[in-house]
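Student: Here's the letter readout for the chains.
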Amino acid sequence: MKGRPQWIRSLRLTAGAAIIFCVIVGAFLVLDNFRGRTTRLVDAEALAVLRQSLLDSPKDEAVKESIRQLDHELRVDYFARQRRTRQGAWLLLAGAVVIIASLSLAAGLGASTPLPPAHALPDVARRASQSRWAVAAVGAMLLGAAFGVARRPDLTIPALAVTPPGDAPVVEVPVELRWPRFRGPGGLAIATGQSTPIRFDPGTGEKLAWRVEIPLTGQSSPIVWGNQIFVTGANSSTRQLYSYSLEDGKLLWQANVIGGARAMPENVLADTGYAAPTPATDGKRVVAMFANGDIAAFSFQGAPLWATNLGVPVNIYGHAASPILWDDLVIVQFDQGMDGDGSSFLYALDAGSGKVRWKTPREAPNTWSTPIIIESGGAPQIVSTGSPWIVANNPTDGAEIWKVNLFYGEVVTAPVFANDLVYVASAFAYAAAIRPDGEGDLTESHILWKNDLGLPDIVSPLCDGERLLLCMAGMLTCLNAADGELLWEHDLEGDAWASPTMVGDAIYLPLKDGDLVVFTMKDGYEELARNPMGEALNASIAVAGGNILVRGSDHLFCFREEAP
Amino acid sequence: MKVWGRRCAGLAMGLTAAWVAAVERFPPPDFESGHQLPLTSTPGARADWWQIVDLGLLAIGLAVATWLVHKRRSRKAVIVLMLGSLLYFGFYRAGCICAIGSIQNVALGLWQPGYVVPWTVLGFFLLPLIVALFWGRSFCAGVCPHGALQDAVLIKPLKVPHWLESGLRLLPWIYLGAAILLAATGSAFVICRYDPFVGIFRLSGGRIMIAVGVALLVLSMFVGRPYCRFLCPLGALLSLCSRFSKWFVRITPSECSKCRLCEDSCPFGAIHQPLPERPAESRRQARRRLGWLVLALPALVVLLGWAGSRIADPLSMYHPRVQLAEQVRMQAEDESLTLTDAVDAFYVQDGQVDRLYQEATAIRDGFEKGGWWLGGFLGLVIGLALVQHAMRHWREDYEADRAHCLACARCFDTCPYERQRRGLPCNPASPETEVTA
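Here the protein sequences line up with chains S and G, keeping their order. The first sequence runs 1 to 564 under this note's numbering. The second sequence runs 565 to 1001 under this note's numbering.
Take the hints with a grain of salt, since some may be wrong.
Stated by the list, open to error - Taking lysine to aspartate or glutamate pairs in the DMTMM-like style, the calculated list, with each CA pair at most 20 Å apart, reads:
id, chain 1, residue 1, chain 2, residue 2
1, S, 450, S, 466
2, S, 250, G, 918
3, S, 450, S, 483
4, G, 822, G, 961
5, S, 355, G, 929
6, G, 723, S, 123
7, S, 512, S, 493
8, S, 512, S, 213
9, S, 512, S, 201
10, G, 720, G, 828
11, G, 822, S, 123
12, S, 522, S, 505
What the hints assert, rightly or not - Label-pair distances were calculated between CB atoms; the ranges are:
id, chain 1, residue 1, chain 2, residue 2, range
13, S, 55, G, 608, 40 to 48 Å
14, G, 602, S, 266, 33 to 41 Å
15, S, 34, G, 722, 32 to 40 Å
16, G, 896, S, 78, 33 to 41 Å
17, G, 894, S, 504, 52 to 60 Å
18, G, 722, S, 78, 38 to 46 Å
19, G, 608, S, 528, 50 to 58 Å
20, S, 86, G, 602, 42 to 50 Å
21, S, 528, G, 899, 39 to 47 Å
22, S, 504, G, 912, 38 to 46 Å
By construction, these hints were calculated from the structure, which means they are not laboratory data. By construction, the Cβ of each residue, glycine as well, lies at the ideal position given by its N, Cα and C atoms.
Just need the whole structure built from these sequences, with the hints factored in.
Tutor: Shown next, in the form of structure tokens:
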């Protein structure tokens, strides 16, 4: 106990010495820091003068050597200063530890047993009153600061001159420049009034307008609105929407889609990929969807409008159904899971906000088909295929209008509409023509004809009003659209996953091996051309303004008649 | 004038951010020298097992702190734990990963669907709060490196007047609200950007960052843990959880003898004194005041909500896209302005002005909504604080303030019963002496 005062004095002396030490080190660091600022490499005046001299006489070796030398000296100085700063910081820290430890120990040794305070207990009411005023003062200061900011126009940023994305008007473009969804207008895969090339070859450049590499792969097809092409690509970690110029193939913008999926689907086959759904547009915005259930809308300038996630689809091959747009609604056939588990829905999202307007349960396991919107009796219907039901829903509220029990197993093909009839065809089931003018279960009453010829597993049918074209594993089957009678068959000798598209009389069908076959079906099969693209083709083509847009495994090609 | 004002405001914000985050630029040599410039690389993610170690140490630290405070009741042991945490989470882990900053990750994860909060970050956010719900602020006691650093330098604590303390205790809520708004909009992680101590932990940083950190440490020598009490946003959340804690720090291991020995022992102003059953003012007057304040609460929420929406514009300038859009607009209006690097890069890489403006407008709309929420939230906090200070309390004993006690264990040693329990000498004048006599 007797030695305590000496100990305390020694500790305080130690702290004092450490304080002096820290002050000296600190002063040195500050001075060194300021000196360093005057000799920084980036703004050393001497170096700038020498550089100017070199510009005046570029071949002056002496100036070059001087610059080298000065440059070297400044760099050496820089690293030396960095080292000194680091060492100084450690010394300061050590000094601070000594100060704190000494003073704390001194305080501990000097501490006496606690004594009750000499002052009286405070007036509780007065203290509470003071506290209220203090809290009120903070509130008043907050309000004052906000008022101050609000009253200062120089702190108010003027509105940026843009049209609110949600209220964007339709970008008016000629009809022939619209290919707004999977398989074009109405999902019919028919383009009229356009002159497109029949023979083309990217290898020789014949009719090739341009070719661009798409950053990320995808099985989705391109769509077009005006001079803009939209196409998606994705891998397991990134999902992207690209916009290219129809004129020259220039990438106008690309945007990442982040819809908020908390996981990636487990069963996405490489054959399906993460970007199988084709984007869609209504002329106001573009909507893109991906295998993880992420769906997002973008303006034509690429600004994100909204993004959401419908849940990670439980799909044995990976989600592939494309979204479609109708009257400010985004319709998504979201079939997943197993038969009877109640996890499949037909969604209608608000195209302006992405919020769910309605969703209707579907009695279907996972499917891969895209619905179409038809008009029957003056009223719109969403017609979708599934197993076992072909269903029509009212797009305004999702209510079921009619259904037909026809399919079985895995359903990939989309329906088509012609002659006021819905044509459907799927493997292991039937090809059929259905009258969509009834209500309820129309299985027994509204099937005009059905047969089991040439049933396709992946390729959607094509109907020109007189003929229904089916394709199964490269085998083309043409039926009479009126009664389903077989007209002709032809083996393409090449498998196809993409669906056929008709321009005038010519039908374009991309084959998996990279050939794009062009043929007519009017008077039997007549091959017009077999155009090698040089890479695998799994996406359907898009047609706009006389351009044929072909998506290969790596590239997007554009062919047109007047191409160089 | 307006244009200059806006420019200055934008420049000031940009400069502040740039100054704090400044790293000295170092150009490559002017001449070919055969030296291979290393490729720019970013550090890889911390290995999973190291993340488990971090989280495990946090959990162990919380458990040990809780045991030391509630069972062992040892200030010295708390100091040892505190120093260990300071060394590991502070100097070794360089202040990152950090429970305080994790608030922003969680906010971003909740409002930005594309961002998934890493599980370790979620653990660092939730564990201190869960522990606080049951045992009070054990995290502040011995695990938080920020608190440990300030506690370590506390040499001569001065008492902050009660009224000032009451006002300053609102600041963490303001900071919390602003930080959540800025993180949720994807603008900035301001808690990390303006962390005063991370520069000290790393022995490196911007000059202002270091200067603020050192100044705060000097202040901490005389004012107990100023950052924890008057700024820390996690402290605000912990104080809320701690209010409802099931088991809380007890100053005395036995019954309180009201000896007043502990009264001035807390450097954080977190000891409640006994309050008389019948205070001086009339019950009717107090009730009327309380009634008015409760009625004023919704008005405060709306008023401050509106005020929050008014500051949305300046706040939105924290978002890099809004900053860029503003710079692009100013440059487009006045072509004599020199292009900033950001604008230059924008035109080189993208140049879609309309798209940028749409994005910036959407972000600013989000800020306006967020401003309403922020203001309303602060109105609620202030209103509830007013109501709390208008309520009549009755307390028999000296008690730790559930919300603001940092569980540092300093007060234990002043209690005569505690001293008796541990065989320490007691003050002869204290009632405890009579007890032992």
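Student: Any of the earlier hints contradicted here, and which numbers?
Tutor: 20 and 21
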